[in-house]
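Each residue of the sequence shown is one higher than the last, beginning at 24 in our numbering.
There's no promise every hint is true.
Stated by the list, open to error - Restricting the straight-line Cα-Cα distance to at most 20 Å, the calculated cross-link-like pairs of lysine to aspartate or glutamate (DMTMM-like) are: (1) Lys-274 x Glu-287; (2) Lys-274 x Glu-134; (3) Lys-114 x Glu-134; (4) Lys-237 x Asp-227; (5) Lys-273 x Asp-184; (6) Lys-114 x Asp-104; (7) Lys-114 x Glu-101; (8) Lys-283 x Glu-271; (9) Lys-273 x Glu-287; (10) Lys-273 x Asp-179.
Keep in mind that the hints were calculated from the coordinates and are not lab data.
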Amino acid sequence: MGAYILRRLLLIVPTLLGIMVINFALVQFVPGGPVEQVIAQMQGEGDVFGSFAGGAEDGTMGEADNEAYTGARGLPQEFIDELEAQYGLDKPPLERFFGMMWNYMRLDFGESYFRSISVTDLVLEKMPVSITLGLWSTLLAYLISIPLGIRKAVSDGTRFDSWTSGVIIAAYAIPGFLFAVILVVLFAGGSYWQIFPLRGLTSDNFSELTLLGKVVDYLWHITLPIIAYTIASFATLTLLTKNSFLDEIKKQYVMTARAKGLGERSVLYGHVFRNAMLIVIAGFPAAFMSAFFGSSVLIETIFSLDGLGRLGFEAAVSRDYPIMFGTLFFFGLIGLLVQILSDLMYVLVDPRIDFEKREG
Numbered sequence: 024m025g026a027y028i029l030r031r032l033l034l035i036v037p038t039l040l041g042i043m044v045i046n047f048a049l050v051q052f053v054p055g056g057p058v059e060q061v062i063a064q065m066q067g068e069g070d071v072f073g074s075f076a077g078g079a080e081d082g083t084m085g086e087a088d089n090e091a092y093t094g095a096r097g098l099p100q101e102f103i104d105e106l107e108a109q110y111g112l113d114k115p116p117l118e119r120f121f122g123m124m125w126n127y128m129r130l131d132f133g134e135s136y137f138r139s140i141s142v143t144d145l146v147l148e149k150m151p152v153s154i155t156l157g158l159w160s161t162l163l164a165y166l167i168s169i170p171l172g173i174r175k176a177v178s179d180g181t182r183f184d185s186w187t188s189g190v191i192i193a194a195y196a197i198p199g200f201l202f203a204v205i206l207v208v209l210f211a212g213g214s215y216w217q218i219f220p221l222r223g224l225t226s227d228n229f230s231e232l233t234l235l236g237k238v239v240d241y242l243w244h245i246t247l248p249i250i251a252y253t254i255a256s257f258a259t260l261t262l263l264t265k266n267s268f269l270d271e272i273k274k275q276y277v278m279t280a281r282a283k284g285l286g287e288r289s290v291l292y293g294h295v296f297r298n299a300m301l302i303v304i305a306g307f308p309a310a311f312m313s314a315f316f317g318s319s320v321l322i323e324t325i326f327s328l329d330g331l332g333r334l335g336f337e338a339a340v341s342r343d344y345p346i347m348f349g350t351l352f353f354f355g356l357i358g359l360l361v362q363i364l365s366d367l368m369y370v371l372v373d374p375r376i377d378f379e380k381r382e383g
């Protein structure tokens, strides 16, 4: 197992490098870099999309583009050159890429172009929202899906299985952001009841509350966002649990256990559960990280939650390259490590699994 883990760790380097190379190269072909963004804001046009009329592929402006742009704007060439130097865009793309990767290897992710704060501090500032959404939605999905999936497997083909499948399919078909809007309209003062707050993770007087009051206030605020975020994920997990149990129930060892006179509950939880839940339980780290990194921009916006989803979206719109590439590198590294952790979870749940023999 040690050799397998070592090989997986060594593969992280070329995989992560490939991710960064592809994304860095793609950005070079996207018009409207940070320089154009600053100029657009100076002209009172909000962002580069409101005024962009062409630009170089590497995120900086070529000489001809500079002349046309400065001519139209009346901006001195010296000012454009100073902006490019400030953002490091006066260097060739290859030099910028290797310089960026060298800094990232030292865990130096730089400073945001437009927020005057380091990328690390900015991510740490937004992380509580994403951890809240990722952790609680994953736990809620597992708490609902596992018992429901087991019950559906045991009751396969019954009326209970049929109507719960209908509910699950309907839940899966509803986009999370649309369900969030419905929850706001119904329960957050939209048109009906004002039961839950509409914005933030805590109330303004949170620091003045008792410990119990803080817990209640926190849960009060996260109820609607977590429900909206979980609505689709629990459907997939429920069907996965059901199908895993159905596959195991039909195997020979289950028939043998029943023939020996064991009760249905003993067979189900003493023999089937461990094998059937292997893929479900072992996938928990990956499920959590997927929810953590993939926090919905729309759900965060609807409930006024300032998390990593909105941070990434705003960085892409404003062409804030340090945030874009810094978070991409960090989250890519964490994602690759979590994949290894998921494999270790398989071995932990079932020690009979040997990845080295499978690779051989």
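Inset, instruction - Please name the hints from earlier in the document that this structure breaks, with their numbers sorted from lowest to highest. - result: 2
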